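Just need the whole structure built from these sequences, with the hints factored in.
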Amino acid sequence: MGLKRFRGRRLIAALLYTGMGFPPVVIGLFVYLLLSRNGVLGSLNWSFLPKLFTPAAMVVAQTVIAFPLVAGFTMAAVMGVDPQLRQQLLSLGATPRQAAVTVLMEARLGVIVAIAAGFGGIISEVGAVMLVGGNIEGRTRVLTTAIVLETRKGNFELALALGGVLLLLTFLANLVMLRLQGKVFDE
Amino acid sequence: MSEARLSDPIYRLKNLTKVYGERRVLNIATLEVYRGEILALVGPSGSGKSTLLRLLNFLEPPSEGVIEFEGVEYGVNQSPKLEKRRQVVAVFQRPMLLNRSVWDNAAYGLRLRGEHDTRSQVQRALAQVGLEGLAQQRAHTLSGGEAQRVALARAIAIHPQVLLLDEPTANLDPYNVGLIEGIVQRLNREQGTTLVLVTHNIFQARRLAQRVAFLLDGQIIEMGEVGQFFDAPQDARTRAFIRGEMIY
Ligand SMILES: Nc1ncnc2c1ncn2[C@@H]1O[C@H](COP(=O)(O)OP(=O)(O)O)[C@@H](O)[C@H]1O
Ligand SMILES: [Mg+2]
Chain B
1 MGLKRFRGRR LIAALLYTGM GFPPVVIGLF VYLLLSRNGV LGSLNWSFLP
51 KLFTPAAMVV AQTVIAFPLV AGFTMAAVMG VDPQLRQQLL SLGATPRQAA
101 VTVLMEARLG VIVAIAAGFG GIISEVGAVM LVGGNIEGRT RVLTTAIVLE
151 TRKGNFELAL ALGGVLLLLT FLANLVMLRL QGKVFDE
Chain F
188 MSEARLSDPI YRLKNLTKVY GERRVLNIAT LEVYRGEILA LVGPSGSGKS
238 TLLRLLNFLE PPSEGVIEFE GVEYGVNQSP KLEKRRQVVA VFQRPMLLNR
288 SVWDNAAYGL RLRGEHDTRS QVQRALAQVG LEGLAQQRAH TLSGGEAQRV
338 ALARAIAIHP QVLLLDEPTA NLDPYNVGLI EGIVQRLNRE QGTTLVLVTH
388 NIFQARRLAQ RVAFLLDGQI IEMGEVGQFF DAPQDARTRA FIRGEMIY
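Going down the list, the protein sequences come from chains B and F. Counted from 1, the first sequence has number 164 at position 164 by this note's numbering; the numbering is strictly sequential. Counted from 1, the second sequence has number 308 at position 121 by this note's numbering; the numbering is strictly sequential.
Rather than coming from a laboratory, the hints here were simulated on the basis of the structure. Be aware that one or more of the hints could be misleading.
To be verified - Label pairs and their calculated CB-CB ranges: (1) B:49 <-> F:262: 21 to 29 angstroms; (2) F:298 <-> B:178: 51 to 59 angstroms; (3) B:98 <-> F:376: 30 to 38 angstroms; (4) F:346 <-> B:47: 55 to 63 angstroms; (5) B:80 <-> F:324: 20 to 28 angstroms; (6) F:406 <-> B:178: 51 to 59 angstroms; (7) F:270 <-> B:45: 47 to 55 angstroms; (8) B:173 <-> F:406: 55 to 63 angstroms; (9) B:82 <-> F:376: 32 to 40 angstroms.
Remember, predicted model here, so these are calculated numbers, not experimental data. The beta carbon of each residue, even a glycine, is placed where N, CA and C say it ideally should be.
In structure tokens, the structure reads:
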């Protein structure tokens, strides 16, 4: 996307950017409606489609939420790389694939930001996973939905502890990503 | 360099055109590049010099005509195999280095080719451009002249048959211009690398080239041995260009 100019590139970019700003809970609603037994896809009863209130359904929703974030930020990062670079890599004997990999490497700061944004979007998600997963204990309950539940029940201490775990997880994940950015970031 | 050696064509262009949109930016009836020569392409800005280099580098196909390279003809829809394309490399006016060390930049072309034992070749390429001392420095911290020499090192590390130079010394200080001219001259003399040099500096063309071609509006107006080209140009437009009367 970032590398080539083609018909419909603008449209796809516009869709991606819209997707980036889309309320996750609405995406959850769409996935819910699609997968529910009376929904467009659910009524087809295809076996490879995940059933509502299963972890697989949550993965579907989360993927739909994260994809525009990751793709959009990655595209922006790659477009920020001078197009002359690709030309010079090809001249040095890179195959189109090798050139794409190198350009991604050059944009690694932005690519990691993209992954971090996707991760952040997913791990903090409440509404969509609640809708699609159903917050079933031991099956589709995740940290965020558990926090909501425990707070409602008045178990503030447990909710706080869970919140701490969530924070720690997010922090660790971002630490790993910072390490990946490594030297580039230090400059 | 013997005359016999300088008449064996490595490239042979026939009725080559390149069209962008509605505009025909290149229209070359015939052009030969001899193995082991330094050919300078001069001409005002926008005359198609860079486009011609891109075609010689097989980065873009021609719109019409054929490019014969090492005896094999490539037409509009035939691009050479990877190994053939990899015998040609270009150095551009604005070097785009990777955000890595000088060493890694110089090794890039060899790594692309899947070569593992790149040490001695990289070392030699860096020595050729006088940058052994900066091997571990990050490329983005180099001066303009140093960066261009790294670009030259990563190009010559792969031992190309043909080195295409697109205004490699524009915007550089006289010291680095001198260095780079010396490097490419040595490369041509000692390793027999064929050089096609695009420059709008006619003095540089005169210093380096054995033959010179004058490009105007995508066409070769005049081409000849360097002495004859500068001392007895045939075409009035060539004379105007050499005298610096052509606006560019
Ligand atoms: N990718 C392209 N698309 C459209 N026009 C181009 C492209 N590349 C070059 N041109 C046009 O072709 C002409 C020749 O350009 P170029 O080969 O860069 O000239 P030079 O290197 O001699 O200055 C210019 O008018 C330029 O605008
Ligand atoms: Mg040019």
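Hint by hint, here is what the structure shows:
Range check, residue 49 of chain B to residue 262 of chain F: Cβ separation about 50 angstroms, and the 21 to 29 angstroms hint is violated. Here the CB-CB span from residue 298 of chain F to residue 178 of chain B is close to 27 angstroms, at odds with the stated 51 to 59 angstroms. The hint said 30 to 38 angstroms for the Cβ distance between residue 98 of chain B and residue 376 of chain F, and at roughly 32 angstroms that hint holds. At roughly 57 angstroms, the beta-carbon separation of residue 346 of chain F and residue 47 of chain B lies within the given 55 to 63 angstroms, and the hint holds.
With their beta carbons about 24 angstroms apart, residue 80 of chain B and residue 324 of chain F fall inside the hinted range of 20 to 28 angstroms. For residue 406 of chain F and residue 178 of chain B, the hinted distance range of 51 to 59 angstroms is satisfied, since their beta carbons lie about 56 angstroms from each other. For residue 270 of chain F paired with residue 45 of chain B, a C-beta distance near 53 angstroms keeps the hint of 47 to 55 angstroms intact. For the pair residue 173 of chain B and residue 406 of chain F, the supplied restraint of 55 to 63 angstroms holds, since their beta-carbon distance comes to about 60 angstroms.
In this structure the supplied range 32 to 40 angstroms holds for residue 82 of chain B paired with residue 376 of chain F, their Cβ-Cβ distance being about 34 angstroms.
In this structure, the earlier hints numbered 1, 2 are contradicted, and the remaining ones agree with it.
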